[in-house]
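Okay, here's what each chain looks like letter by letter:
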Amino acid sequence: MIIGSLLGEGWEAMRANRMRTLLTMLGMVFGVGAVIMMLAIGQGAQLMVNESIASMGSNLFIILSGSTSAGGLRQGSGTVPTLTLADAQAIGELPEIAAVAPTLPNNAQLIYASNNWSTQVSGTTPAYLEVREWPVISGEAFSDSDIRSATRVLLMGQTVARNLFGDENPVGKMVRVKNSPFLVLGILSSKGQSLDGRDQDDTVFVPITTAQRQLFGNQFPGMVRFVMVKAKSAEVMDKAERSMNELLKVRHRIHPGQEDDFSVRNLTAVAQAAAGTTKAMSTMLGAIASVSLLVGGIGIMNIMLVSVTERTREIGIRMAIGARRRDILLQFLFEAVMISLAGSFIGVVVGIACAYFFSRFNDALVVVTLSSVLLAFGVAVAVGVFFGFYPARKAADLKPIEALRFQ
Amino acid sequence: MERPLISVSGLSKYYLENMPVLKDVSFNIESGEFVAIMGHSGSGKSTLMNILGCLDTATDGHYYLEGRDTAALNSDELALLRNRLIGFVFQGFNLLPRSSILDNIGLPLLYAGKSKAERREKASMMLERVGLAQFGDRRPNQLSGGQQQRVAIARALVTDPKLILADEPTGNLDTQTGGDIMKIFQTLNEEQNITIILVTHEADIAAHAKRLIRVVDGRIATDQPS
Ligand SMILES: Nc1ncnc2c1ncn2[C@@H]1O[C@H](COP(=O)(O)OP(=O)(O)OP(=O)(O)O)[C@@H](O)[C@H]1O
Ligand SMILES: [Mg+2]
Numbered sequence: 001m002i003i004g005s006l007l008g009e010g011w012e013a014m015r016a017n018r019m020r021t022l023l024t025m026l027g028m029v030f031g032v033g034a035v036i037m038m039l040a041i042g043q044g045a046q047l048m049v050n051e052s053i054a055s056m057g058s059n060l061f062i063i064l065s066g067s068t069s070a071g072g073l074r075q076g077s078g079t080v081p082t083l084t085l086a087d088a089q090a091i092g093e094l095p096e097i098a099a100v101a102p103t104l105p106n107n108a109q110l111i112y113a114s115n116n117w118s119t120q121v122s123g124t125t126p127a128y129l130e131v132r133e134w135p136v137i138s139g140e141a142f143s144d145s146d147i148r149s150a151t152r153v154l155l156m157g158q159t160v161a162r163n164l165f166g167d168e169n170p171v172g173k174m175v176r177v178k179n180s181p182f183l184v185l186g187i188l189s190s191k192g193q194s195l196d197g198r199d200q201d202d203t204v205f206v207p208i209t210t211a212q213r214q215l216f217g218n219q220f221p222g223m224v225r226f227v228m229v230k231a232k233s234a235e236v237m238d239k240a241e242r243s244m245n246e247l248l249k250v251r252h253r254i255h256p257g258q259e260d261d262f263s264v265r266n267l268t269a270v271a272q273a274a275a276g277t278t279k280a281m282s283t284m285l286g287a288i289a290s291v292s293l294l295v296g297g298i299g300i301m302n303i304m305l306v307s308v309t310e311r312t313r314e315i316g317i318r319m320a321i322g323a324r325r326r327d328i329l330l331q332f333l334f335e336a337v338m339i340s341l342a343g344s345f346i347g348v349v350v351g352i353a354c355a356y357f358f359s360r361f362n363d364a365l366v367v368v369t370l371s372s373v374l375l376a377f378g379v380a381v382a383v384g385v386f387f388g389f390y391p392a393r394k395a396a397d398l399k400p401i402e403a404l405r406f407q
Numbered sequence: 001m002e003r004p005l006i007s008v009s010g011l012s013k014y015y016l017e018n019m020p021v022l023k024d025v026s027f028n029i030e031s032g033e034f035v036a037i038m039g040h041s042g043s044g045k046s047t048l049m050n051i052l053g054c055l056d057t058a059t060d061g062h063y064y065l066e067g068r069d070t071a072a073l074n075s076d077e078l079a080l081l082r083n084r085l086i087g088f089v090f091q092g093f094n095l096l097p098r099s100s101i102l103d104n105i106g107l108p109l110l111y112a113g114k115s116k117a118e119r120r121e122k123a124s125m126m127l128e129r130v131g132l133a134q135f136g137d138r139r140p141n142q143l144s145g146g147q148q149q150r151v152a153i154a155r156a157l158v159t160d161p162k163l164i165l166a167d168e169p170t171g172n173l174d175t176q177t178g179g180d181i182m183k184i185f186q187t188l189n190e191e192q193n194i195t196i197i198l199v200t201h202e203a204d205i206a207a208h209a210k211r212l213i214r215v216v217d218g219r220i221a222t223d224q225p226s
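Protein sequence lines correspond, in order, to chains B and L.
Each residue of the first sequence is one higher than the one before, counting from 1 in full-length UniProt numbering.
Each residue of the second sequence is one higher than the one before, counting from 1 in full-length UniProt numbering.
No wet-lab data here; the hints were simulated from the structure.
The beta-carbon is built from N, C-alpha and C at its ideal position, and this holds for glycine as well.
It is possible that some hints are incorrect.
If we take Cβ atoms under 10 Å as the criterion, some of the chain B residues that face chain L in the derived model are [said to hold, decoys possible]: (1) GLY4; (2) ALA16; (3) ARG18; (4) ARG20; (5) ALA86; (6) ALA90; (7) GLY92; (8) ARG318; (9) ILE321; (10) GLU402.
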């Protein structure tokens with residue numbers, strides 16, 4: 001039978017029972033809509049995670065100080081600084097290590113003219129920017145000589161710059177940090193959200209020596225809160241982790257059996273785990289949504305079975321004038337696929353619209369890809385064929401005389 | 001001698017055991033004959049017609065159509081015979097209610113694999129031949145019974161069949177309209193040499209035929225020229 005006439009017959013049959021066809025299609029609309037929306041949300045989440053991971057820098061470790069026990073009272077990592085600048089320097093000399101940035105973060109109020117902004121102010125070294133792959137886009141970074149002489153200069157993240165300076169160019173201006181004047185040396189490029197959802201651009205960096213001596217008192221002189229470390233390549237990550245652990249154990253005189261007062265974390269591995277989790281989550285969302293496709297498919301099968309029964313006589317007439325088994329089979333299969341495809345088309349539109357509104361009101365990223373739309377259509381055809389086949393075969397297997405005599 | 005178009009021998013049909021509807025029916029019908037079948041209600045006429053039209057199969061016996069044993073044919077081959085060789089005209093017209101008159105007439109050509117243009121052209125031609133040219137775009141329920149039966153005849157003729165099987169084609173029509181339908185059959189038989197087998201309850205309808213078969217309780221009682 002010719003495709004064009006199959007289309008025409010299918011269309012006629014769909015039109016003859018408009019309401020029923022629409023209700024049947026609704027199952028597919030919801031199914032496909034749900035799949036499209038879930039895929040969009042899942043892929044949006046994945047994209048966000050991947051961007052955060054990319055913004056983190058590659059082959060990255062963080063060494064946290066802490067987990068010391070004082071009189072049996074154990075404290076969380078990082079609460080008591082146990083790492084020193086000298087530790088950082090020693091790590092930097094390991095062969096697997098590309099760059100090391102000791103860091104001492106704290107919070108402080110910044111004031112410029114009549115504006116003020118409270119943010120994280122971290123003391124660190126110029127290597128930090130290399131470790132985090134974080135370029136200065138205007139002005140310049142501080143240098144080793146700034147570290148040596150503990151100058152009052154700072155680098156500003158874009159959120160801070162925007163809040164203090166608005167449209168003004170901050171480079172070369174003076175801001176007050178805890179009431180000391182600091183020169184803005186440069187503005188950092190934008191990093192966006194971190195994996196845990198923080199705004200990475202809401203930060204300020206000063207030379208670590210300045211932070212230690214001038215900003216944040218002298219509670220633990222020469223100490224740093226954590227050290228960011230970049231390994232030379234992905235291949236040496238495991239080796240670098242072992243070397244750093246061994247080195248710090250020796251330097252901190254940790255005896256075998258004694259608990260470490262530092263911890264080395266492979267951030268890249270953590271990030272990959274996060275990416276894996278997100279991917280699994282988005283796959284699961286899609287899988288859950290597919291269940292509604294299944295329900296839509298069963299709806300189609302149900303209606304096609306009713307349709308076959310109702311049209312038994314028509315089938316008999318068609319057979320009497322020469323329709324072969326496969327003509328009848330194709331006719332009903334086509335009808336099922338047409339209902340399913342039409343429903344899917346509406347479903348794709350509805351799904352995209354829902355995903356769009358979801359992103360508007362939830363501040364989440366959604367991504368509708370061509371492949372997810374094609375997938376939805378592919379699944380729709382498959383659902384139509386799969387669930388249309390049984391009713392179609394039932395129609396085709398009718399005996400001509402029995403179909404004709406059917407009342 | 002040329003082989004007969006239809007050759008039936010020892011044909012029986014049972015729906016229930018021990019309750020034959022057709023019993024040991026045998027006859028030949030040559031190409032170009034015009035045969036009327038008469039008999040009481042329930043005597044098995046429709047059952048016989050359905051078997052002759054390859055819509056149903058016999059329980060016993062043989063049915064040769066153009067020399068071919070129909071029992072040996074598969075469902076696609078039977079569909080092909082119904083499509084090319086046989087045209088049906090039913091008492092209840094059996095038109096597709098949702099399709100236009102032209103589409104109804106062209107439908108057998110669809111299953112014969114003909115293009116849309118070809119179907120429309122041939123269907124219009126047939127419609128004109130039954131005198132309903134202006135009704136092509138209507139639906140069946142917008143025509144009178146007699147008009148619908150003429151459409152059904154047009155549909156039966158559209159594939160140029162050799163054999164027309166008509167089961168009480170005038171059963172739902174008044175005498176006048178029935179007479180018109182019979183004239184169409186007569187013309188087809190005389191001018192195109194189409195073989196016609198017709199079931200009827202009315203003697204004056206049967207009188208149009210050249211041969212009369214009477215069925216009584218599933219057996220052939222008489223078979224003679226009329
Ligand atoms: N599907 C069936 N199952 C059981 N019995 C059937 C079936 N079809 C027909 N019969 C029986 O077969 C017998 C013959 O039926 P058929 O329809 O051939 O009669 P007919 O001669 O055409 O009668 P009428 O003139 O009323 O149309 C009837 O007794 C009927 O009850
Ligand atoms: Mg009958």
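Restraint satisfaction for ILE321 (chain B) [CB to CB of chain L, less than 10 Å]: Holds. Min distance 4 Å.
Interface hint outcome for GLY92 (chain B) [beta carbon to chain L under 10 Å]: Violated, about 81 Å.
Hint check: 10 Å Cβ-Cβ cutoff, ALA90 (chain B) to chain L: Violated - the Cβ of ALA90 (chain B) stays beyond 10 Å from chain L, reaching only about 86 Å at its closest.
Hint check, ARG18 (chain B) versus chain L [nearest Cβ-Cβ separation less than 10 Å]: At 13 Å from the nearest chain L Cβ, ARG18 (chain B) fails the 10 Å test, so the hint is violated.
Per-residue hint verdict: GLY4 (chain B), partner chain L, C-beta under 10 Å: 7 Å, holds
Proposed interface contact between ALA86 (chain B) and chain L, which counts if any beta carbon pair is under 10 Å: 89 Å, violated
Cut-off 10 Å, beta-carbon criterion: hint that ARG318 (chain B) touches chain L: Holds: closest Cβ of chain L sits about 7 Å from ARG318 (chain B), inside 10 Å.
Given hint ALA16 (chain B) near chain L, where the shortest CB pair must fall under 10 Å: 5 Å, holds
Restraint outcome when ARG20 (chain B) is required to lie within 10 Å of chain L by C-beta distance: The hint is violated - ARG20 (chain B) has no Cβ within 10 Å of chain L, the shortest such distance being about 14 Å.
Chain L contact restraint on GLU402 (chain B) - CB to CB distance below 10 Å: At about 9 Å, which falls below the 10 Å cut-off, the nearest Cβ of chain L leaves the hint on GLU402 (chain B) intact, so it holds.
Comparing the model with each numbered hint stated earlier shows that hints 3, 4, 5, 6 and 7 do not hold.
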